[in-house]
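Generate the whole structure from the sequences, applying the supplied hints.
Each chain is listed here by its residues.
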Amino acid sequence: MSGPPLLARWLLRALLPRHEISDALEGDLFQGYARRATRSLRRARWWYWRQVLVQPYPSLRRVVREVRARETTVAARRGRGGGHMGGIAMDLKVAARSLPRRPAFAAVAVTTLALSIGAATLLFSVVNGVLLSPLPYERPDELVTVYRTLDEWREGDNELLRAAWDVQTLPLEQIEAWRAVPGPIKGVSGYTYQMLPLQAGSGPPETVEVIMVDRETFAVLGVQPALGRLPDLDEVRTSAPVAVLRHETWTRRFGGAADVVGRSFGLGEATYTVIGVMPVGFFFPTEDGGDLWVPAREDVRDWPSFYGLARLAPGATIEEATTFLDAVSRRAGAADPTRAGLGARAVRHLDNVVGRVKGGIHLLFGSALLVVLVACVNLGNLFLARTAGRREELAVRTSLGAGTGSLAMAVLAEVVLVGSVGGLLGIALAAGALGPFVEALGAAVRGLPRQGAVRLDTPVMIFSLGATLATTLVAALVPALGAARHAPASALANVRRSGTENATRRGQQVLLSVQGALTVVLMAAAMLLGRSFLEILHVDVGMDVHRIAVLELHADRDRFENRAALTRDKEAVRSRLHRLPGVSSWCRPSPSPRGRITSPPWACP
Amino acid sequence: MERQRLTDLEQLLLLAVLQAGDDAHAGAVQTVLDERGERKASLGSLYVTLTRLEERGLVRSIKGEPTAERGGKAKRLYEVTREGLVALHHSRRVLDRMWEGVADATAEA
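Residue numbers (our numbering), protein chains in the order written: chain A, 1 to 605; chain B, 1 to 109.
Quick caveat, the hints were computed from the structure, so don't treat them as lab data.
The C-beta atom is built at its ideal place from N, Cα and C for all residues, glycine as well.
Do not rely on the hints blindly, as some may be mistaken.
[As the list claims (entries may be wrong)] Where chain A lies over chain B, by a calculated footprint (3+ residues, C-beta under 8 Å):
{"id": "1", "region": "16–23"}
{"id": "2", "region": "39–46"}
{"id": "3", "region": "49–61"}
Here it is, written out as structure tokens:
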């Protein structure tokens with residue numbers, strides 16, 4: 001036997017509220033149809049359709065609402081014997097059942113929260129990764145970067161030189177001079193870097209950032225390799241061709257091989273041997289974070305191109321360190337006129353790492369907070385409207401003896417449910433979008449430091465969950481208080497006449513105004529943020545970079561039997577470049593002009 | 001205990017529940033109401049009234065087992081409570097009192 005007409009059954013289900021009573025009614029109709037169908041199928045169908053059309057749906061819905069409210073209140077009262085938990089659990093259960101019946105509201109509320117929490121989580125993960133998470137060194141707060149200062153540049157007329165007077169690099173002999181005098185620093189060292197072609201195995205050559213270290217560089221940082229060892233004093237002194245790989249270099253160029261220690265590879269024009277691999281996350285505050293570390297080459301030791309790196313003695317401040325280092329430099333200047341006007345300045349190492357983007361990162365943090373704030377207001381507004389829609393049910397609850405607390409709980413339960421689902425969804429969204437987001441940010445803000453540290457770790461999770469909790473609680477506050485203030489008699493009397501009470505409407509108006517104001521603030525902040533990033537993008541690099549193209553040559557050493565052949569080839573490139581119609585002049589600086597200018601201008605041959 | 005007043009439909013409904021006996025679900029109640037009470041009512045309105053009566057403690061209901069002949073839906077079985085019986089008897093006494101002396105004068109033609 002076939003059942004009742006499908007369309008009629010579907011219509012019946014669509015019109016009936018979801019409840020046991022409706023199920024029973026549907027069953028009664030099914031049974032009535034089955035009985036009639038044994039006599040005449042046509043009549044049975046006709047009867048079923050008529051039944052579907054004559055049911056008093058509005059009254060049924062009202063009754064079901066009242067029954068639900070009563071069940072909740074009774075259960076909440078029963079639950080109160082063993083504490084509030086039973087009541088809260090029941091409120092949550094009711095919320096879980098009632099929210100899907102308002103799919104549009106539930107979807108808007110959950111989406112609002114998910115998007116806000118997702119966006120705030122993304123923004124905060126950048127703030128946390130770049131600014132807040134500790135640097136991958138021992139006691140990173142004690143680390144300072146030391147620059148040389150040039151009085152001559154500060155006092156000169158050249159604006160570009162004046163701007164860079166206190167961020168100058170220095171030669172290793174200066175570091176030796178500091179090391180010789182006891183003071184408020186525990187250790188001082190230096191490093192410089194160079195872009196060199198690396199050739200490992202049969203892979204193509206690749207230009208990598210080679211950090212050249214002095215003795216004590218790793219000791220000052222307080223780090224140990226994950227694999228192998230660090231260069232010893234003799235190796236540094238003799239500039240031995242040994243290298244420590246960054247974790248990423250090890251996996252990218254050496255396939256993460258466990259037996260990498262002892263392997264040889266080409267670097268520039270020399271052959272180096274791997275002696276160690278640094279742990280995951282270890283990097284240097286350079287453009288690319290360093291691809292590998294080698295002892296400073298003999299020929300670069302005298303270059304004034306080293307960054308000073310020092311560890312403060314316990315209890316010493318940055319000011320004390322600056323005073324000390326500056327005094328030592330100036331004492332040498334007093335004895336030797338060629339060194340007159342040279343001073344020193346120490347800055348917190350983290351500031352050196354994130355210095356340029358710090359303002360932007362702070363703005364990013366402000367934006368994250370604003371997004372959360374706007375989410376609070378949006379969600380609060382949504383729930384205020386929702387509570388106005390639930391007045392009838394709340395009035396029934398009140399008339400059945402529900403106290404102000406349990407009314408507020410009934411409202412709170414829905415908010416908590418939306419909060420949990422929306423918050424988790426937001427975190428999931430952030431997790432999915434993190435990779436592309438960091439990539440896009442890295443592309444927009446050249447040299448955004450510590451991109452690898454941007455991830456959804458514990459502090460970010462704490463922020464996201466905290467933001468969700470705060471949003472939920474703030475959003476629940478106004479409607480829950482409103483619900484608790486309901487006067488039962490007047491509420492029931494007014495329910496069908498006025499959908500929204502004056503107080504609720506006032507509350508909504510206030511929230512709408514706040515929402516509008518916050519949106520303006522958020523948009524202004526977002527524009528400022530964008531503007532600030534643009535400023536970083538277009539920062540004055542001290543030369544006219546328009547119409548300059550950089551050509552990096554990666555020489556495959558196997559193709560050139562000796563240095564002379566390579567030089568010949570370079571000459572060939574040079575003469576061909578001269579003949580290109582668009583090229584007016586060219587030069588071959590080394591390293592290539594990227595990053596901040598700290599050295600005197602390059603000379604073009 | 002305060003006696004509860006019953007409307008005409010409520011009285012008929014309580015009586016129909018009593019008549020339907022052990023299988024007093026809305027469908028059976030509707031049949032009794034139709035055949036003996038000369039009252040046609042939709043199942044929906046029966047559920048509305050029965051639910052109101054239940055709120056007032058005059059009937060109670062339990063959920064039966066879902067069966068295939070009902071399309072997998074459970075029955076809701078109703079039973080008149082003691083308060084329901086008291087209210088029914090009271091309504092009947094009121095009606096009886098009202099009829100006393102009137103019956104002869106208005107004997108059915």
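* Asked: Which hints, by number, does the structure contradict?
  -> Hint 1 alone not satisfied by this model.
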